[in-house]
Amino acid sequence: MAEMRYREALGAALREELQRDERVMLMGEDIGVFGGAFKVTDGLLEEFGESRVRDTPISENTIVGMGVGAAMAGLRPVVELMTINFSLLAFDQIVNHASKIHFMFGGQARVPLVVRMPQGAGHQLGPTHSHCFEALYLQVPGLLVAVPSTPADAKGLLKTAIRDENPVIFIEHESLYGTRGDVPDEEDHLVQFGVARTVREGSDVTIVGISRMAVTAERAAATLSSEHGIEAEVIDPRTLRPLDLDTILSSVRRTNRCVIVEEGWPHGGVGANLAALIGEQAFDDLDAPVQRVTGADVPMPYSKPLEDIAYPHEPQVVAAALSALGRDAAGRTS
Amino acid sequence: MAPPPRALPAPQEAREWLQTMTLIRRFEERAGEQYARAKIGGFLHLSIGEEATIVGSARALRDSDYLISTYRSHGHALVRGTPPENVMAELFGRRDGVCHGRGGSMHMFDIERRFMGGYGIVGGNLPIAAGIAMASDYSGRDEVTLCQFGDGASNQGTFGETLNLAALWRLPVVFMVTNNQFGMGTALGRHSAVTDLCRKGESLGVPGVRCDGMDVLDTHAVVSETVERVRAERRPLLIEAVTYRFRGHSMADPEQYRTKDEVEAWKQRDPILTFGERLVSEGVLDAAGLEEIDAAALARVDAAVEFADASPFPAPDELFDDIYVLGDGSRGWYSVETTEERSAGAPSPDGARNDEIPQQLTSALAAGEEGGEPEGETVRRRAAGG
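For the protein sequence lines, the chains are S and H, in the order given. Per this note's numbering, the very first residue in the first sequence carries number 16; after that it's consecutive. Per this note's numbering, the very first residue in the second sequence carries number 2; after that it's consecutive.
Certain hints may be false.
To be verified - For the chain S half of the interface with chain H, some residues (derived, Cβ under 8 Å), not all of them:
1. M40
2. G82
3. V83
4. A88
5. L90
6. F106
7. N111
8. H117
9. Q139
10. G141
11. P142
12. Q154
13. E180
14. V210
15. L258
Keep in mind the hints are simulated off the structure, nothing from the lab. Ideal Cβ placement from N, Cα and C applies to all residues, glycine included.
Bound conformation, chain S alone (with noise of 0.2 Å):
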């Protein structure tokens, strides 16, 4: 166990992969040279090389589709975006390509790619560099979709996306890349696609947190414990594809009460989609309707006051849990 910064554990995966096996190779737009926007690859290109830590143009949609043809003759790309933002210009590569070759091909080819990148709001970027936008990978059959929030989730859900067949999603949060926590040393550290991880255990709510908001949602159930005396189970459910739904079924059966947790927009996201899964399997052990926490349905404002009410913080988890308890803000059972 070693104590690593969330990038660190990430650029430890990447160092790990790459020496473990050679058709790892690194491509993305100033990951070399200028040692990553957020300095994730720091160091890679002088210990690998030219050939396996390629700085891009400005091109996403090429590098992208290079990545899938690179993963189809047999190499295993990891290309880096600088933002999920920049990731629309390359949805044609990622949704029309990536996530239907192995399929439309009759099982013929496969697609061992990984695309990472970063979302979230909270550093004043403005609208074309602040969103969240795992609900529009989470949709699309044949991706993989990994939203770590710690960093051994980082390094061990980072390995495992490298070594598996399918194009993974891969997406890390501009707020924690300074994070801290234990990582195991371990080569062999991997964290399995599809297993939930228990942040907390509790058995009056639980609270389900995506990408970032798993941090928020630990917090806002320090504070439930804490002023209110309620127990909250906080889940991260680490990938969103597959999707460890028995972790979150098994918990709410227990609290009969659930919140959702995210950053991105309230329609269609993925609090939508798992309200509807919990409302289908376990409507029968619900006792409130599940509640659910996103950013705001704007685009990102650049004004710091706009900015802070435009994603949710730890006040609006702890409100949403009360509510779903049937208590007021104050916490009074109304």
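Model the placement of chain H on the given structure of chain S, informed by the hints.
Leaving out everything else, chain H in the frame of chain S:
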């Protein structure tokens, strides 16, 4: 002054080129007929008129080289040796199709023969071709990738992005624009500011040459020279093959954007007729030999139709196959699908209705359920380790 005609290859090779061009022509004609009989659905884009471009270029490749093309790609599969039976079965949406009926006309593929696919998105195959070429280069193999696309694709963003990157990284890829004069129904001069398409890559570091796409000999000569230059020099080059499609863009095309006279003028240069005449004039074949080649092609495509018609449709329980490669690294629910609702009552391809869920489907799904799982209408697919 027109350049002197290109010399013929060895007689056996010349005959094979004519045979393959004829096979593609007859295959496409039959496919058109089967489309009219509703045996084939969706879109159907035929290569009639473009056979010399296809055969001349593909025959410039080694077996280890990659070929990748567009949604007009039946001929590309055939030229690489994919049996016409399996190409036709794909058009029919049958289990014996090259892609088991998942891709259809626009998405042919044959990994064994290094035909890396037909792609339905205009310009979508360019980055993929560069990625394949990068993999060859990365692995120290001297394969070349031949990437074919239409004149319309030269206006897509991927054209500029991919040519730039391929030149920058000196990738062994030949970009070949099949200039059939129209991006769907929009004439070249109405869709591209630069109509000398062979020059369109110059500012991106990819110089180009032009070949007569109606002449299999010229196409073969130019593409061979280019492929070998790319193989030796490790840099991309562009080829413009000037050709013409005799039929509409797809089967649903009233062709209001061109005149009958124009089509007739191009038909005077029919690549199969002109090459056949040349072979006869040089004594490689006689009239009976020509007849024989045509009769053999017709017999083969008739057999392909018969084969496709006899091949079964995919079963409903194949719907979820090959979406994912299921592995040990994952568990949990990959997909969520109300398959029972979809199967029950849905019309089957032959028009009958499936009122019952096939037993095989329900049991396969039930096997994936854990004990204690509530019974619901929603069924889910789970990873092997789940």
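- Message: Going through the numbered hints above, which ones does this structure break? Give me the numbers in ascending order.
- Response: Hint check: 6, 9, 10, 11 and 12 fail, others pass.
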